[in-house]
Each structure stands twice: as C-alpha cells, then as structure tokens.
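Asker: Given chain W's structure and the hints, the job is docking chain H onto it.
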Amino acid sequence: MPQSLPLNFSQKAKTLDALIHMCWLHIGDGPVNLEKAFEFLNIGLDGGPQVSGFHGAALISRDEDISNYKVLINKAESTAMQRKTQGHELAHLINHVTTKNRACFSYEGQCYSSEEFEADCISAYLLVPIGNLLYAARESWTGVQLAAALDVPLELVNLRFRIALELDELNSQR
Amino acid sequence: MRAKSGDAGLAKRVKELREKYNITQEKLAELADISLPLVQKIENTSLYGSKKTHEKLAKTLGVSVAYLVYGDEEQKEDEEEDPLAILLEGDPTLKVMLSVDDLKNMPMASKRAIAAIIRAELENMRNSK
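Each protein sequence line maps, in turn, to chains W and H. Following our numbering, the numbering of the first sequence begins with 1 at its first residue and continues without gaps. Following our numbering, the numbering of the second sequence begins with 1 at its first residue and continues without gaps.
To be clear, the hints were calculated from the coordinates, so they are not data collected in a lab.
List of simulated lysine-lysine pairs, DSS-like, C-alpha gap at most 30 Å:
(1) H/K41 with H/K51
(2) W/K36 with W/K75
(3) H/K20 with H/K56
(4) H/K27 with H/K56
(5) H/K104 with W/K75
(6) H/K51 with W/K75
The following block holds chain W by itself, in its conformation from the complex (with noise of 0.2 Å):
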C-alpha cells in the first residue's frame, strides 16, 4: 500500500469533515468503515507492539516534502478497542499533524490533553453515528447494548451520547 498521502492538509480537514457528515447525515447507515478509510487515505495500518496499556500509535516520517503516515495497533486488544483506537489515530494523523513530537494519554491514563479528547470525540462521531444513537434512544436500549451491537468499548458510546446532549442543548439555546 502506498503510504504518502496524497491529500494536503486543507483537503485532509475536508476528509474528516465528511468522514463526520456521513455520520450526521446518513441517519440509519451503519459507522464509517474505518479500515476503508485508512485505505482511502493511502495509510498504513498495522499490529503494534502488544503490551498492555499500549493502545496504538500514529507515526508520521517526513522528508523534505514528503511525509509517510502509519497506525500501529495492539491487536491483542479487543476488536471494539482496536477499533476505538483506529479512530483515534486517524483524527490525530489527520488533525493534529502539525503538533509537537509527543506522547499521548487514553483516558484511563492520568494526562488528557484537549488533542486526546479531540481524538476520542472524533472516533466517536466515527464509529458511533447519531442515526444509531437515536435508534437505541428509541428502542430503550443501554449504552451496553449499542456498544455491544457497533463493536466498541462502552465509554465510546458515552461520550458520543455526551456530546449529543451538550449539542442538542446548545441548540435549543439558540
């Protein structure tokens, strides 16, 4: 797979910006496929180092103009946290390129920098669509339920539901 991204970083902002619309817009359609993404996006996605409390890491190598993007993944996770994690990396890779060498903190660490929770929210919009939020709001299902039904850590379904709410309050305040 090639690994540059053909995209610069205005278009790559349009990406994700769409890549969140499916979300919004496609009420009933199932989550971004994320592996399809990756694909589309020409970066690499692999295992990664399987040690516990590694979750993944985003790794870009640049050289003069040219820069190489790769995902790395602790495959001995559970697919829902794989998958979360996916998610997270690409929001970094595509929204927080331009940061600082650094290492970043899941939330279960101590460290949570605005870029985690960003990232975090991004894979939430991802892989939690509203069109299933509303749906499980209407059938009464549990957090737990969707979770289990989108293949993604509980928390995930949290914090989408979180950032529902804080909108839908947002706009009634308008």
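Answerer: Relative to chain W, chain H alone:
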C-alpha cells in the same frame, strides 16, 4: 466516564514549593500561565494535570519536572533514561503520537519493547520511500 484523579505527592510538592516562595495560588497560576482552578485542583489532588502543565509549574517553581512529578532523584534518573522519551525527543523529521495507559507507571521493559518496535517501524517507513 471515570473521574480524573490527582497525585498526593505532586500536590504536596507544588504546595510546599509555593509556600516556600510565599506566593498564593493565584500568583502561581499567573506566573506559570495556567488557570487558577488548575492549580487548585492539582493541590487538592483532584487533577493530575498534563505534561505541559507540569513543565510550566516546574519552570516557575525552579525545579525539574522529574522532581515535581516523582519527587526523588532515582525517579528522575529513570525518567531521563526513558526509552519512549528518547524516541519522542529524537529526530525532528519524525513524529510519534502514542496512546498508552498511565505511562508513568508502565514497566521499563514494556517501554523498551514499545520503543524498539516503533523505531523499527519508522525505519521501515523511511526505507520504503
């Protein structure tokens, strides 16, 4: 979602240093260019804070981040030799974003394993051009 939690040692050292310099929480927040609630939460152990916050606090209080966060020289040495820190601070043409749980308490062997695999991946990425 799980609530964020702070660290008693970190809280104690921030408070001790602040009182040593006889400055208020408000003044510390102002000097370190962070918010007052952040200082208050770190001192009352309800928040650990980000690496950036630790750096700002350490710089303002005139100590190393390692001392502020870990409190002793032994831990400071461990931090300096952290293979992931070396990896992340290395080549400016590389950028690595890691998603890990509780890096502070991760065993050194795990850090070495992660660093070795990531270094190999980065090398492969370079060679594949």
